[in-house]
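Asker: So you can see what is in the structure, the chains are spelled out below.
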Amino acid sequence: MKILQCKAKIVSSRRIQGDYYKIVLASPEIAAGALPGQFISVKIDGDYQPLLRRPFSIHRANKRELEILYAVVGEGTRLLSQKKPGKHLDVIGPLGNGFDYERPLDVARGRRSTPRRCSGQANDGRLILVAGGMGVAPLLFLAEQLVCRPSSVVRKNILVLLGAKNKKEVLCVKEFKKLGCEVKISTDNGSMGFKGKVTDLLKILLTTNDPSTWFDFAHHGSLGAGERPLDVTRGRRTTIYACGPRPMLRAISHISLKYNIPAQISLEEHMSCAIGACMGCVVGTLQGFKRVCKEGPVFAADEIIFW
Amino acid sequence: MSPRLNIKIGRLELKNPVMVASGTFGYGEEFKGLLDLKKLGAIVTKTITLNPRQGNPAPRTCETPAGMLNSIGLENPGLEKFITEKLPVLNKTGVPVIVSIASEGGREEFVELAAGLDRLKEVAAVELNISCPNIIHGNKARAKLIAQDAQATYETVKAVRKVTRKTLITKLSPNVTDISEIALAAERGGSDALSLINTLVGMSIDVKTRKPKIAVATGGLSGPAVRPIAVRMVWEVYKQVKIPIIGMGGIMDTASALEFILAGASAISVGTANFVNPKAAIEIIAGIKEYLIKNKISDIRRLIGSLKI
Chain R
3 MKILQCKAKI
13 VSSRRIQGDY
23 YKIVLASPEI
33 AAGALPGQFI
43 SVKIDGDYQP
53 LLRRPFSIHR
63 ANKRELEILY
73 AVVGEGTRLL
83 SQKKPGKHLD
93 VIGPLGNGFD
103 YERPLDVARG
113 RRSTPRRCSG
123 QANDGRLILV
133 AGGMGVAPLL
143 FLAEQLVCRP
153 SSVVRKNILV
163 LLGAKNKKEV
173 LCVKEFKKLG
183 CEVKISTDNG
193 SMGFKGKVTD
203 LLKILLTTND
213 PSTWFDFAHH
223 GSLGAGERPL
233 DVTRGRRTTI
243 YACGPRPMLR
253 AISHISLKYN
263 IPAQISLEEH
273 MSCAIGACMG
283 CVVGTLQGFK
293 RVCKEGPVFA
303 ADEIIFW
Chain W
6 MSPRLNIKIG
16 RLELKNPVMV
26 ASGTFGYGEE
36 FKGLLDLKKL
46 GAIVTKTITL
56 NPRQGNPAPR
66 TCETPAGMLN
76 SIGLENPGLE
86 KFITEKLPVL
96 NKTGVPVIVS
106 IASEGGREEF
116 VELAAGLDRL
126 KEVAAVELNI
136 SCPNIIHGNK
146 ARAKLIAQDA
156 QATYETVKAV
166 RKVTRKTLIT
176 KLSPNVTDIS
186 EIALAAERGG
196 SDALSLINTL
206 VGMSIDVKTR
216 KPKIAVATGG
226 LSGPAVRPIA
236 VRMVWEVYKQ
246 VKIPIIGMGG
256 IMDTASALEF
266 ILAGASAISV
276 GTANFVNPKA
286 AIEIIAGIKE
296 YLIKNKISDI
306 RRLIGSLKI
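Protein chains in written order, with our numbering: chain R, 3 to 309; chain W, 6 to 314.
Since the hints were derived computationally from the structure, they do not count as laboratory data.
For every residue, glycine included, the Cβ atom is placed at its ideal position computed from N, Cα and C.
Any given hint could turn out to be false.
To be verified - To be clear about the criterion: a stretch of chain R counts as covered by chain W if any three or more of its residues have a C-beta under 8 Å from a C-beta of chain W, and this derived list gives those stretches:
hint : stretch
1    : 44–57
2    : 249–256
3    : 277–291
Start from the sequences, fold in the hints, and give me the full structure.
Answerer: Laid out in C-alpha cells, this is it:
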C-alpha cells in the first residue's frame with residue numbers, strides 16, 4: 003500500500019451533534035486506496051501549536067473523498083472544527099492495517115493490496131460490529147464495504163452494537179440502518195436502548211435463549227425457528243469487529259476468548275509520527291511490542307496484552 | 006552558478022549538509038515514498054545496541070508546548086539483525102549511512118559495536134550515542150550518562166577510536182553544566198565530529214489522572230521548544246573545538262537550519278520535524294541553496310560560524 007502526503011481540500015465541515023463533527027476532504031489519491039480500519043494523519047495548522055499531526059480513522063471513503071468523524075477533545079480537534087470549506091489540509095495516508103474481511107471482488111480489483119489474512123472466514127458468517135463512543139468512526143466504513151460483498155446474502159447478517167455514555171452521544175444509527183444492518187444501542191445511563199456497557203449487551207445477546215432478542219438468522223436458513231442463535235460451537239462462524247476505549251476492548255477480548263469468537267479490535271493511541279518511525283505508539287502483544295500505527299491499528303483481540 | 010553545498014565531516018564527504026537525526030527516521034524504510042531519500046546528505050539510523058532491546062513501556066511520547074517528550078528506551082533489533090535486515094535496505098538509497106550506537110553496559114559494548122561495523126563498507130560513519138536520557142530511570146536515577154562526565158567521554162571515545170577507521174561522531178547531551186568541557190574531551194579522545202544536542206530531560210503530568218504522561222515519568226524534550234538552547238550550545242562549542250559540529254534541536258525549516266550553521270555547525274540534522282512533515286529535510290536543502298544564491302555566497306563553508314557579533 004502506497005502512503006501519500008497530499009494537500010486535501012476541505013469539501014465540507016459541520017457539527018453533527020454535541021461535540022461531534024464531520025469533515026469531508028477531497029483527496030482522490032488517498033481515498034482510492036483506503037481500506038476500513040485504516041487512518042490518516044493530519045497537520046491541522048502550519049505553526050508549532052499543536053506541533054504534531056493528529057491521527058483520524060477513516061469514517062467513509064469513495065473514489066474521491068474521505069470523510070472523518072471526530073469529537074472535539076483538545077486543541078487540535080478544536081482548531082480542526084473551525085476550518086472552513088475551501089481551505090486545504092496536509093494529509094498523510096492511508097495508514098496502518100485495517101480490518102480483515104472478505105472484500106468484494108470489484109473493490110479488490112481496483113486496489114493493489116490484498117487484506118492481510120484473506121481467510122474467507124467472514125464469508126457467510128455473522129458479523130458483529132461493536133462500537134464504544136467515538137469508536138464508531140471506522141466501523142461505518144467497514145459496514146459499507148461488508149454490505150457490498152457479493153456473498154452477503156442478507157444484510158441483516160450484520161449486527162451493529164452502538165455504545166455511548168448517553169443518548170446524545172449515540173452516533174450513526176441512521177447510517178447503519180440505511181445499509182440494512184440490525185442496530186442495537188446501549189447507553190451507560192439508560193437514556194437510550196440497553197442500560198449498561200455495550201459489552202454487557204453483547205454478552206446478553208450471545209448467551210440468551212430468546213431468538214427475538216437476536217437478529218433473525220432463520221431468514222437465510224442458518225437457523226431453524228426457535229433454535230438458539232449462538233452458542234460456543236456456532237459462535238465459531240461469527241466474527242466481532244470492535245473499536246472503542248481500551249477497557250471496552252479488554253472486555254471484547256475476554257468475550258472473544260470465553261465464547262471462542264474471533265475478534266478484531268482497532269486500538270486508539272497517541273501518535274507522534276503515525277508512520278512507524280518514532281516507535282512511540284506501541285502496545286504489548288504476545289510477540290512483544292508492536293506499533294499501533296504500523297502493525298495496527300487493527301489487531302486480533304487475542305494477541306493484545308491488556309493490563 | 007549553483008552554490009557549493011558539499012562538505013566534509015572527518016573522512017565523510019556529504020553532497021549537502023542536511024541529515025536526518027537518529028531516532029526520528031527509523032531505518033529509512035518507513036519514509037519510502039514520502040520523500041526523495043536520495044537527496045539527503047546522510048541518514049543517521051535509530052540507535053542500535055549489541056543485543057535487541059524491547060524498549061520502555063507505553064506511553065512513550067507526548068506532545069508539549071512547541072515540542073514533544075519521548076522515552077522510547079532505545080528499542081532496536083540489535084547489531085546482527087540491523088546488519089542483515091536494515092542496512093541493506095538503507096544502502097539502496099545510495100545516501101551515506103551513519104550508524105548510531107549505544108551501550109547497555111560499559112565502554113566494552115561501544116568498542117564491540119564499532120569494531121563490528123568497521124569492516125562494513127555500507128557504513129559511512131559511526132555516531133556514539135553516549136547521551137540517550139531514556140535508558141537510565143527508576144532506582145538508577147542518579148546514575149550518570151557518559152556524556153555527563155568529561156573523563157568517561159574521553160575514555161569511551163578513545164577506546165572506540167582504537168578499533169575503527171570510520172568517521173567517528175560523538176553525540177553530546179545538553180543535560181550538563183558546561184557542554185564545552187565534554188566537547189573538548191570528545192575531541193581529545195579522537196572524535197572526528199560532534200553532534201549536538203541530544204534531547205533535554207523533561208516531564209509532563211496529566212492533572213486529571215495525576216500520572217506522568219510518559220510511562221517512565223521523564224523523557225527527552227525535542228522540537229522547536231529546545232532550539233534556542235541548541236543554537237546557544239553549538240555556538241559555545243564552536244568557539245572551543247576545531248572539529249566540525251553537526252547541529253540539531255528543533256530544526257523545522259530553512260531559517261532554523263541556517264541559525265545552526267551561522268552559530269558554527271558544519272552540517273545540520275532534522276529530527277522531530279520528520280514526524281510533522283516528512284519532506285522537511287528536502288525542503289531545507291532547497292531552502293539553503295536558495296539562501297546562498299540570494300546572498301551571493303558561492304560556498305556553504307563560508308557561512309559556517311559567520312555570525313556577526
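Asker: Taking 8 Å as the Cβ threshold, is the statement that the stretch 249–256 of chain R is covered by chain W upheld or broken by the three-residue rule?
Answerer: Result for this restraint: violated, n = 0.
Asker: Three residues minimum, CB to CB under 8 Å: does the stretch 277–291 of chain R make the cut for coverage by chain W? Let me know.
Answerer: holds (count 12)
Asker: Counting residues of the stretch 44–57 of chain R whose CB is closer than 8 Å to a CB in chain W, do you get three or more?
Answerer: n = 7 at 8 Å, threshold three: holds.
Checked against the numbered hints above, the structure violates only hint 2.
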